[in-house]
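Asker: Protein chains in written order, with this note's numbering: chain R, 1 to 138; chain D, 1 to 562.
Quick caveat, the hints were computed from the structure, so don't treat them as lab data. Just so it is clear, the structure is predicted and the values come from calculations on it, not from any experiment. One or more hints might be untrue.
On the chain D side, residues computed to face chain R include the following (Cβ under 10 Å) [what the hints assert, rightly or not]:
| no. | residue |
| --- | --- |
| 1 | Leu121 |
| 2 | Asp130 |
| 3 | Pro132 |
| 4 | Met133 |
| 5 | Cys337 |
| 6 | Ser453 |
| 7 | Gln457 |
| 8 | Val467 |
| 9 | Arg485 |
| 10 | Gly499 |
Even for Gly, the Cβ is constructed at its ideal location relative to N, Cα and C.
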Amino acid sequence: MNAGTGTVRLLVGKVGLDGHDRGAKIIARALRDAGFEVIYTGLHQTPEMVVATALQEDVDGIGLSILSGAHNTIFPKITRLLREQGGSDIVVFGGGIVPDEDVAGLLQAGVKAIFTPGTTTRQVIDWVKAEVKPRRRG
Amino acid sequence: MRKGGAKAATVRRGTRRDWEERTLKDVLARRPERLPAFTTVSGAPVERLYTFEDLDGWDPLEKLGFPGEPPYTRGVHPTMYRGRVWTMRQFAGFGSAEDTNRRFRYLLDHGQTGLSTAFDLPTLMGRDSDDPMAEGEVGREGVAIDTLADMEALFRDIPLGRVSTSMTINAPAAVLLAMYLAVAERQGVPLESLEGTLQNDILKEYIAQKEWIFPPAPSLRIITDLMAFCTARVPKWNTISISGYHIREAGSTAVQELAFTLADGIGYVQAGIDAGLEVDAFTPRLSFFFNAHNDFFEEIAKLRAARRMGATIMRERFGATDPRAWRLRTHVQTAGCSLTAQQPHNNVVRVTLQALAAVLGGTQSLHTNALDETLALPTEDSARLALRTQQIIAEESGVANTIDPLAGSYFVESLTDRMEAEAWDYIRRIDAMGGIVKAIEQGFPQREIAEASYRYQRQVDEGEKTVVGVNRYAEGDSAKVPLLRIGPEVERVQLEGLGRVRATRDAARHARALRDLQAVARSRDNLMPAILGAVKAYASVGEICEALRQIFGVYREGTVPL
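Extracted from the complex, chain R is given alone in its bound form:
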């Protein structure tokens, strides 16, 4: 636990119709084993549902796994909804089947990092440790 600031809370989610949850579950478990508080949404969430859960659960970061090719639609929608609903300081990151040339656009839309195939769980954990901080104090 980070002294005085609490544990980082993360939401790991699957959005849309995509059922490929192997990666999401591995990442959720690895992050939990690394000491983070992790909530896994389960499958078939809408962007609205993910954002509502994230705000309700007071998370510090949202990690989304998308293997359906819908990343260019889903990520920007989530970052927009977060901005509209007062969650713009929640860090959004993701992974899945995302071609290199789509990454820049997603970063521009407010996604903090995209992890593409071949990323180790250790790299994700280290990145989260460095980049996601508890939002609230006290």
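Start from chain R and add chain D according to the hints.
Answerer: Frame of chain R, contents of chain D only:
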């Protein structure tokens, strides 16, 4: 002189133990082996050496038999690939029906012998392209099919009486089959002559791929209705392709893939029998679909064990008497999850080895993945290279010239026996839970797979398992390969097309067909004729599935074990 005499004196006799003492020990003392223990990609132990001692008491007539005879370890056909090589069936589908129709005709022109249709996620989930949940997913992972109009475009100028078509569709399988039958009728092709395969395997969806709609009981009712309908009307159609592929892709071991797939098969046969079908009538049309992963011998052994187990299950457990019911026929696809985004050309080599394992394992049909499939759907060029890979194995390598060439190998037979024994253990555990549906409801296969998947990822992360180009021999920047792009216009065009069908179809007929369907769903009558009526009235996949959702309800996954 006695030529053999001097030679015989130098032959070293004895057991493996003697050899270890006599020859091995000193060498090991001087130079240890590369690893303290060797394992397959699934984590199963691999010994240093397999000898005749491993097959002590092993009876080749019992364990192998002959090709085309029980227990079919050596293959389901008496001549295997000497008669005809496996069907080269490349999975294809993207964008609109017109896009995929062009790809189909391209593949047929390049020597492919069967079609295999990939549908997009909304179609797979029984949702129309204009459903809010479909946003961003139309035509991305496969072809978008909303109504019969799309299906007509998909198979335009393809004579359905002369190709065999596989359709990878599960929860809404009955709807897509009905559309295919309607297109065939319009082409004037008698249903009795249609050949093809429907994946239609909902149990593995609950276990692994997660593309479900209805709860297990109504899902199995739809499936048994479809089996009954096809047995009577479309007798050459393979009604379920019982799939281990997705179980493996979800991270299972090879033994788990084998065990859970056969357990699913047991579930379908039992459901058919419970619905009053004659075991010898419908089970010859059940087929299988396995993964071909990286570990070469493990994959070969898995396919051989599957055939032997399938024959045992059908003969001993279900008392089938028709030999066609005993034969486990299978399609194989190389492992998508084994492909790497890094150094993508390495994938060609992986696919070649995996395909070779599938062939040496005796598959009936094969899909080889394209090198770019970890990044996107394949381009025309990468799809052609994947097909050429199979053609080289079939026509240049010589491996198709004799049947089951690895039979009798101490290692392969030991591995086959061990995988079979471990898979039977799983099946016994599942039986003890009350069958596969109960096991799924308890989350048993899901938990076993999640454990295996996490264990493997840790091994890769720790470098215990090598992935060339990723955790060894990595380079900074990878070679770029051109990718197939599916533009946003696909979604727009698809929505316009769906809108046109909705505006021009006979509204009264459409409404009546959906009402009829719901009435049948509430009764115990066979659903297929009503589904056919609905698709011919141009009801969409989403509308038909929604009508059934209102009667059957929807499946909700229990707490997901992490």
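Asker: Now tell me if each hint is right for this structure.
Answerer: To see whether the hints hold, each was checked on the structure:
1. Leu121: Constraint on leucine 121 of chain D satisfied, holds at 4 Å.
2. Asp130: Violated, about 14 Å.
3. Pro132: holds, 7 Å
4. Met133: Given a least distance of 6 Å, the restraint on methionine 133 of chain D holds.
5. Cys337: Since chain R brings a Cβ to about 8 Å from cysteine 337 of chain D, closer than 10 Å, the hint holds.
6. Ser453: holds, 6 Å
7. Gln457: With a closest approach of 5 Å, the glutamine 457 of chain D hint holds.
8. Val467: This interface hint holds because 8 Å falls under the 10 Å limit.
9. Arg485: holds, 8 Å
10. Gly499: With a minimum Cβ separation of about 20 Å from chain R (threshold 10 Å), the hint on glycine 499 of chain D is violated.
In the structure shown, a violation is registered for the earlier hints numbered 2, 10, in ascending order.
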